[in-house]
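Go by the hints and put chain W onto chain R.
Spelled out from the first residue to the last, the chains are:
Protein chains: 2
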Amino acid sequence: MSELQLKFSREEYAQRLEKTRREMEHKEVDLLIVSDPSNMNWLTGYDGWSFYVHQAVIVPPNGEPIWFGRGMDANGAKHTAYLRHENIVPYADNYVQSTERHPMDYLASILADRGFGSLRIGVEMDNYWFSAAAFASLVKHLPNAKFVDCTALVNWQRAIKSPTEIKYMRSAARIVEAMHARIADKIEVGMRKCDLVAEIYDAATRGVDGAGGDYPAIVPMLPSGAEASAPHLTWDDRPMRSGEGTFFEIAGCHNRYHVPLSRTVFLGKPTQAFLDAESATLEGLEAGLDAAKPGNACEDIAKAYFAVLARHGIVKDSRTGYGIGVSYPPDWGERTMSLRPGDRTELCPGMTFHFMTGLWLEDMGFEITESILITDTSVECLANVPRKLLVKD
Amino acid sequence: MSELQLKFSREEYAQRLEKTRREMEHKEVDLLIVSDPSNMNWLTGYDGWSFYVHQAVIVPPNGEPIWFGRGMDANGAKHTAYLRHENIVPYADNYVQSTERHPMDYLASILADRGFGSLRIGVEMDNYWFSAAAFASLVKHLPNAKFVDCTALVNWQRAIKSPTEIKYMRSAARIVEAMHARIADKIEVGMRKCDLVAEIYDAATRGVDGAGGDYPAIVPMLPSGAEASAPHLTWDDRPMRSGEGTFFEIAGCHNRYHVPLSRTVFLGKPTQAFLDAESATLEGLEAGLDAAKPGNACEDIAKAYFAVLARHGIVKDSRTGYGIGVSYPPDWGERTMSLRPGDRTELCPGMTFHFMTGLWLEDMGFEITESILITDTSVECLANVPRKLLVKD
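One line per chain: the protein sequences are R and W, in this order.
FYI, the numbering for the first sequence is 12 to 404, going by this note's numbering.
FYI, the numbering for the second sequence is 12 to 404, going by this note's numbering.
Just chain R, same shape as in the assembly:
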């Protein structure tokens, strides 16, 4: 194996572990099974596209975390995680997609062997990577353990970003700027949508300023016309048409840290509906940014935005943003804070959000969004992309 490549100092990993253990103590959990690849990365540095098989990072009562995963991925763990090799525990390949044995059967036996079988064990109950079958296996094979739902326990520890994390996000911001610049440069009537996507990937992957682009957790979204009322349709190979608006929901990514940013392009003469959506969004964005400061709550940003929308006669019933940072597919959100009424989480310096002001109306969609960093006194937009509806001929 070649040398270990850590993205953060060992001190930073130690602080993360300590923060996590403090919260485990608070929840009276002795041991934590972390299934979320973003959390696995944040705790240990582990980075690989191996989350399609069962794997986990275990935070035991004392000492280093334990990486648990498929045998062929152990080398990847040795290469990317700061852990000592004895704490990288592989399982045999005949556990993969078997109907007879489950990787969690084996994890249970490991935990039992180490004397952890009767502990209070935290699990991420509502995580993509912790299936109903995984839980059933643990419950069956660790009958004396008490399981505690710790969904998002680690995610919450990630909310305030360190200087190095912010540095990576600034690189991601430069990348998303380049992606939007490429769109503005290349988009035209008659261009097949898949060819425009190729341009977006090109800018995203080559990166900027010596910082290469990593794969964003979501593929580019760029629905046009009436399809843009459906925000999560992906592209096709039909040509871009005159008289249609298209929004671009994309993110730059560097070292797995994301900065999402959306803009909307109209080919031809924009309809009044697009101009109205632009006015409402821009005014609302400013109002939301004014409310984005330490001491205020997440919901204050949403309420400020929704109040402006209401004056424009627009009702938005979906949340208007979420925490961002390190992530893996299928979502670049942190799945903790939401910018929506009722979320009273206090805004603190170092928190980062995608202020997702998208409007999905009956027969169109409109997105001009910002990724923001809460500073000591107010807010900073991480990327600098002209904040307007882009109109081309």
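Source of the hints: derived by calculation from the structure; they are not laboratory data.
There's no promise every hint is true.
Since copy identity is lost for identical chains, a pair holds within one copy or between any two.
[To be verified] With a straight-line Cα cutoff of 30 angstroms, these simulated DSSO-like cross-link-like pairs (lysine-lysine) come out:
| no. | residue 1 | residue 2 |
| --- | --- | --- |
| 1 | Lys151 | Lys304 |
| 2 | Lys280 | Lys18 |
| 3 | Lys30 | Lys403 |
| 4 | Lys18 | Lys89 |
| 5 | Lys197 | Lys18 |
| 6 | Lys30 | Lys18 |
Just so it is clear, the structure is predicted and the values come from calculations on it, not from any experiment.
Only chain W this time, still in chain R's reference frame:
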């Protein structure tokens, strides 16, 4: 909304539903909750990047399936699924990533309202998109239901491909050929790996012969040198080096149908270890292909390949292939058949596999693979990429 865009005939969707119901009957299941986006797509046509929130297709005892998902994705369902609009059932946005309510709470109430609360209900227990919390919610809110594990029930119905599916896979094959041609054309010492990835994405996304490229379910894997002993590390922005081998594990994708194919490139004079791996792989591939014919079993391909490897002194302890077809992240495999000893599934005409012959040795990796279609009498390689170690000065 613009017009409905179906990728298959209504007859084909009806046949798929009938096949699924037949298997449900066999398992004595009255109603099936399908969480896997590939299965949702195969049953209804639904296609969107919305699997980061809870969603499902319900196969009720009679009539059309029901799409269940986030409110903002209902338009996407109307646009891509053949279902009548009354069978597209959205949930409110305050269920999204809430700590107070779970989308499955609401699904349970819908099922109860329709009189399905006491049925035998199949669920995909070991699916990424069916979390432990989702199951706990259903169990809690449908106390009179009996739940039956139906993991991969639908996946198995997908094993034999229809003519239209094979047509889409042939387009995907043309795309993966173009991706490998691009690599052969562009790769050189000193090129940053992220720039090479940009070239791969460009070929993948623009597509060929009028068929645009869709996003593959896995990002390009291209580890070099000793890192290639870790098969699932993704790229970085360091330059390609002379004296190193790199394998490329990539897939073409069209209309969500995948054809994966791997090749290996050596920059400089290949070491004896690479030449030996090439000989063993090519000889083993031929042996495996000879065993790939109707009437034989999945394991026969693996045994033929492993026998050749053994003569070359190589032990491969991971499976050597899996079913392929329609898929979404994080995996382009179908998660049914495995080419490995013990899998006695009979090979039938229309089945498609990635014959994944990869060797991950202590300090190198080597992959020359084929995606194959079982024909009426033997086997066909779907893509045509020179089957050799590519050497560039």
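Identical-chain pair category, Lys280 with Lys18, by Cα at 30 angstroms:
Cα proximity of Lys280 and Lys18: none, with 47 angstroms in one copy and 32 angstroms across.
Given a CA cutoff of 30 angstroms, do Lys30 and Lys18 count as a within-copy pair, a between-copy pair, both, or neither?
within (19 angstroms within a copy, 49 angstroms between copies)
As a check of your reading, is Lys30 near Lys403 (CA-CA no more than 30 angstroms) within one copy, between copies, both or neither?
So Lys30 and Lys403 fail the 30 angstroms test inside a copy (50 angstroms) and across (49 angstroms) alike.
Intra- versus inter-subunit Cα pairing at 30 angstroms for Lys151 with Lys304:
neither (48 angstroms within a copy, 41 angstroms between copies)
From the Cα coordinates, with 30 angstroms as the cut-off, is the pair Lys197 and Lys18 best called within, between, both, or neither?
between (34 angstroms within a copy, 29 angstroms between copies)
Taking 30 angstroms as the upper bound on the Cα-Cα distance, should Lys18 and Lys89 be classified as within, between, both, or neither?
Cα proximity of Lys18 and Lys89: one copy only (14 angstroms, versus 44 angstroms across).
In summary, the structure is inconsistent with hints 1, 2, 3 from the numbered list given earlier, while agreeing with the others.
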